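Residue numbers (full-length UniProt numbering), protein chains in the order written: chain B, 1 to 612; chain D, 1 to 612.
Hints should not be assumed to be uniformly reliable.
Derived DEER-like restraints, expressed as beta-carbon distance ranges [said to hold, decoys possible]:
#, chain 1, residue 1, chain 2, residue 2, range
1, B, His534, D, Glu511, 17 to 27 Å
2, D, Ala260, B, Ala284, 55 to 65 Å
3, D, Glu305, B, Gly58, 47 to 57 Å
FYI, nobody ran anything at the bench for these hints, they're computed from the structure.
This structure is a prediction, so every number in the text was calculated from the model and none was measured.
Each residue gets a CB set at the ideal place from its N, CA and C atoms; glycine is no exception.
Protein chains: 2
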Amino acid sequence: MPDPDLHFLGELAAQLRVDAIRASAAAGSGHPTSSLSAADLMAVLFACHLRYDFDDPGAVGNDHLIFSKGHASPLLYALYKAAGAITDEELLTFRKHGSRLEGHPTPRLPWVDVGTGSLGQGLPVGVGIALAGRRLDRVPYHVWVLCGDSELAEGSIWEAAEHAGYEGLANLTAIVDVNRLGQRGPTRHGWDTGAYARRLCAFGWHTIEIDGHDPGQIDYALQDARVTRGRPTAILARTRKGEGVSDVENREGKHGKPLADPDRAVEELGGPRSLRVRVAKPEAVTRASGAASEPLRLPAFPVGERIATRTAYGEALVALGAARRDVVALDGEVADSTKTETFAESFPDRFFECYIAEQQMVAAAVGMQVRGWTPYAATFAAFFTRAYDFVRMAAVSRADIRLVGSHAGVSIGEDGPSQMGLEDIAMMRAVHGSTVLYPCDANQTAKLVVEMAGRDGVSYLRTTRGATPVIYGPDEEFPIGGCRVLRRSHEDLATIVTAGITVHEALAAAEALEAEGIMAGVVDLYSIKPLDVHALREAATTTGNMITVEDHWAEGGLGEAVLSAVADLGPRVVQLAVRSMPGSATPEEQLRDAGIDRTAIAEAVRRLKWRA
Amino acid sequence: MPDPDLHFLGELAAQLRVDAIRASAAAGSGHPTSSLSAADLMAVLFACHLRYDFDDPGAVGNDHLIFSKGHASPLLYALYKAAGAITDEELLTFRKHGSRLEGHPTPRLPWVDVGTGSLGQGLPVGVGIALAGRRLDRVPYHVWVLCGDSELAEGSIWEAAEHAGYEGLANLTAIVDVNRLGQRGPTRHGWDTGAYARRLCAFGWHTIEIDGHDPGQIDYALQDARVTRGRPTAILARTRKGEGVSDVENREGKHGKPLADPDRAVEELGGPRSLRVRVAKPEAVTRASGAASEPLRLPAFPVGERIATRTAYGEALVALGAARRDVVALDGEVADSTKTETFAESFPDRFFECYIAEQQMVAAAVGMQVRGWTPYAATFAAFFTRAYDFVRMAAVSRADIRLVGSHAGVSIGEDGPSQMGLEDIAMMRAVHGSTVLYPCDANQTAKLVVEMAGRDGVSYLRTTRGATPVIYGPDEEFPIGGCRVLRRSHEDLATIVTAGITVHEALAAAEALEAEGIMAGVVDLYSIKPLDVHALREAATTTGNMITVEDHWAEGGLGEAVLSAVADLGPRVVQLAVRSMPGSATPEEQLRDAGIDRTAIAEAVRRLKWRA
């Protein structure tokens with residue numbers, strides 16, 4: 001690395017500041033002061049250390065740069081302009097309708113890996129990309145993450161710190177812009193970079209404290225970060241928010257608004273410039289692991305046997321992993337329960353134990369798919385609530401990830417409500433572009449696990465703790481967006497629409513009713529989102545009576561999904577769902593108490609008969 | 001404190017182990033090995049350090065004990081038996097149907113403050129209780145939290161560590177049962193108690209590393225924790241999972257299952273005992289702050305002015321805080337945006353800045369309500385997704401908390417999707433016993449803020465960033481569970497049901513339609529849960545056409561809530577909601593793009609006319 005040209009770096013930083021101010025002024029909103037504090041850090045990174053081919057964002061050897069402090073987007077876009085990736089004209093479309101230069105960066109820009117803006121997410125995702133580099137791609141790219149000091153209060157940052165420190169991710173550098181001021185006021189630690197250094201050091205990181213406006217110190221620190229072995233590096237850079245503009249420099253109340261007098265600020269910074277920064281290109285490298293494919297040999301579960309869908313998930317994932325070398329698995333220290341363990345034993349190189357840190361687990365999955373891997377991440381359905389912001393942001397990131405939640409519903413039995421996934425369907429449905437699947441038997445589960453692999457966006461599979469009878473043959477297909485009509489007759493008084501464990505309750509109820517001379521149809525709605533609108537509307541119009549059954553709260557679940565599809569047709573719909581807080585009990589008692597077992601379903605159908 | 005009777009402590013610990021094994025054996029499930037590792041720690045705590053009146057769980061001076069590792073419930077219940085709070089007979093009802101001794105502790109037991117079982121939550125809640133003790137109650141109780149080592153991987157633990165360290169909560173002690181083994185296998189740090197001590201020390205804690213099976217060391221550490229000033233204490237106790245039973249001691253694969261041969265284990269431990277532990281009672285103390293009440297003087301906003309509902313929240317909370325001294329406010333470093341800042345300035349003693357740590361914010365609110373305070377916690381609606389597991393568990397804890405999410409929906413404008421609350425209604429509806437409110441004007445907001453104060457369970461208020469016209473007078477009432485029919489005529493072609501910002505769009509649409517000779521009713525459904533089923537069913541039957549409009553994803557929101565209430569009546573329901581991923585744009589452009597503005601609403605009504 002040659003000695004940096006300090007004059008050029010100063011000029012480049014001034015240009016970045018000017019352009020961040022101009023972009024925010026043109027938008028009438030944005031975060032110029034948060035951009036100004038980090039301008040020197042990023043000027044030196046781009047000019048001297050980043051290896052990135054802006055003409056080929058998918059180049060295997062490209063470094064990754066994530067703005068974890070996504071609100072500093074004016075700085076990021078100013079950097080893109082300086083690198084020649086966007087024009088000045090486009091820069092000034094910042095935050096305008098239709099512009100890809102959004103208020104917070106998203107992958108609508110080809111150089112942005114993931115959406116940021118919910119603080120504390122960029123570093124966890126960066127850990128995922130760095131893990132992929134070290135353990136999957138085995139390519140010497142470096143992951144640079146620009147963090148704010150405020151966001152170090154987020155627990156997810158410390159999940160990431162622990163994960164990166166433990167894995168010794170020397171290919172990861174956090175550049176922390178310690179500008180002392182959060183949105184509302186000073187941070188807890190102000191300019192005490194030592195406070196952050198002590199914490200990160202305790203988590204196994206190499207730390208460097210510098211003046212974040214001194215190009216020489218920055219250059220030294222970035223070089224040190226690049227060559228440090230065995231540990232991730234955190235550069236704790238003392239900066240001033242609004243640096244370079246006396247109206248706002250180091251002042252409270254200047255967060256998240258354009259400058260009052262942008263022209264004076266630009267003048268104070270020496271006026272506009274049109275420098276170009278030549279970002280070094282990466283060496284040409286190839287991945288160690290390809291996506292070579294072998295024929296898929298899914299397990300075949302004999303009809304009539306009792307096998308938990310979580311077990312089928314584990315076995316199917318192994319089969320998929322054997323067929324596709326791009327499939328990787330993550331788990332939150334419950335792989336013996338979710339059954340990811342089967343994969344972990346078969347493919348230890350592609351298994352990632354994330355311990356009890358669900359946010360980091362989802363973030364790591366997002367990071368791995370940035371690098372083209374196909375991640376499946378599992379924990380208890382209930383504990384994905386821990387990572388909901390990460391799931392939500394995965395959709396903003398246009399990430400393709402697969403989540404598998406076990407121990408869904410009251411049917412887990414004795415462990416009680418803390419372990420029961422009872423809001424997971426509602427939560428996952430309300431994610432843009434998501435897929436929500438809930439299989440009732442082992443062969444169906446296996447097929448859906450495979451379907452998920454090719455699915456865009458966030459896919460969620462809900463599995464059951466207890467064993468359920470295998471009712472489908474191993475050769476049957478279950479396309480996403482479909483359903484299975486398990487019982488139907490011309491005399492059906494009602495159609496029972498359900499999925500997962502209560503499919504078996506519905507079948508038993510229909511059988512018992514038939515013995516009484518009452519016919520009821522049963523639909524297995526294994527694909528809750530997208531759902532088979534055509535089949536549901538047909539059921540709604542033929543019987544006119546629908547009963548939805550779900551081992552989930554009444555709100556936002558399968559029942560409401562069905563209602564959304566059929567409400568304009570005017571069927572009478574009865575929703576059976578969990579409505580009272582469960583305690584401990586056997587699975588059978590839980591289903592009975594919740595009013596979603598065979599007896600309750602049959603009774604609901606009988607009531608329709610009485611009312612008819 | 002007298003020297004501990006080591007023989008008694010050994011016998012007591014053996015009894016606790018025996019009873020934990022017996023309870024799990026009787027249940028046929030549970031976590032005896034996780035109980036055995038912590039038995040000595042808890043024996044010494046109960047015999048020598050805890051101050052608690054089991055006959056008066058509400059005594060102001062009582063210490064608080066939280067099992068953050070909630071799966072060690074057999075140990076907790078064995079302790080209750082030893083303290084004379086429950087009988088041996090009840091102990092053996094563990095995990096059985098109807099028993100209050102659930103698989104994980106819940107406040108169905110009067111000595112349990114909060115439900116645990118989702119790991120990493122007990123310590124954050126303990127921080128809230130300790131904060132209340134120090135800053136609100138000003139009573140010298142001590143908060144003891146038993147943590148597992150596995151759960152220290154959760155980011156929420158480090159949010160709590162930061163909050164407690166920064167606040168110098170000397171009345172808080174974390175007792176970490178470092179038994180080396182998680183559920184699936186060894187933890188990252190095994191018995192390296194120093195790894196945890198370094199981390200906690202960096203976060204400002206006093207740390208003590210001990211042998212967790214040595215009563216003398218335990219006694220010393222607990223005493224040290226009680227008397228340490230200015231800092232919280234963490235006792236890092238090296239223990240063996242399954243201690244005392246050779247079949248399971250320090251072995252993998254023994255988590256979360258009853259012992260194979262409980263009789264032999266009990267025999268190995270010397271058989272059952274029937275010791276009673278005399279837990280010291282607290283000194284009689286009184287709270288420094290009472291709940292003295294003054295007349296409520298809510299702000300009155302003039303009809304026709306434009307005021308953001310978030311602003312009204314801030315002003316109403318100040319009025320409520322003046323009237324009720326039990327009202328406290330928390331915020332996630334965005335008080336200038338949520339407008340909690342108004343309260344913070346008026347009542348700094350009752351305001352808690354939680355920085356960007358939403359899990360800790362919600363946990364602190366839960367902790368404060370344990371002590372009888374009435375907390376309101378605010379951040380952006382989008383960022384409550386960060387704390388969803390804590391909100392879910394607040395319901396299991398039967399906690400009365402109030403959450404206020406600002407910047408709801410696409411109408412925030414330029415900041416883009418990362419900042420938009422678009423899943424908050426779905427998320428909050430799917431919480432047991434929750435209340436979900438979404439006001440459209442300032443006076444309505446003020447009234448709802450007051451209504452929330454008296455509400456059981458989790459209450460959620462959704463506010464809007466932009467200013468909206470005041471349409472209600474300051475004397476109007478808005479009971480929870482009600483709605484407002486804003487327009488209705490006998491010629492209504494449809495009823496538009498909406499809430500919040502789109503109420504104004506609906507009114508404008510109805511006006512425009514009237515000019516064309518098309519009449520449409522408008523219902524302001526400010527209470528989304530519970531909702532006014534009667535009024536909705538009346539609207540459904542009179543017009544037969546309903547149009548729901550919401551600034552939220554289509555899934556799980558207002559539209560589906562309405563469908564749930566009316567579907568069996570067979571109205572034609574059209575759901576207008578956000579269905580594509582927003583970018584940056586002005587608020588008006590966002591509403592237009594999402595198809596939820598006045599133009600889209602009017603068009604939806606017109607389409608009904610054409611179809612009719």
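Output the numbers, in ascending order, of every earlier hint that fails for this structure. 1
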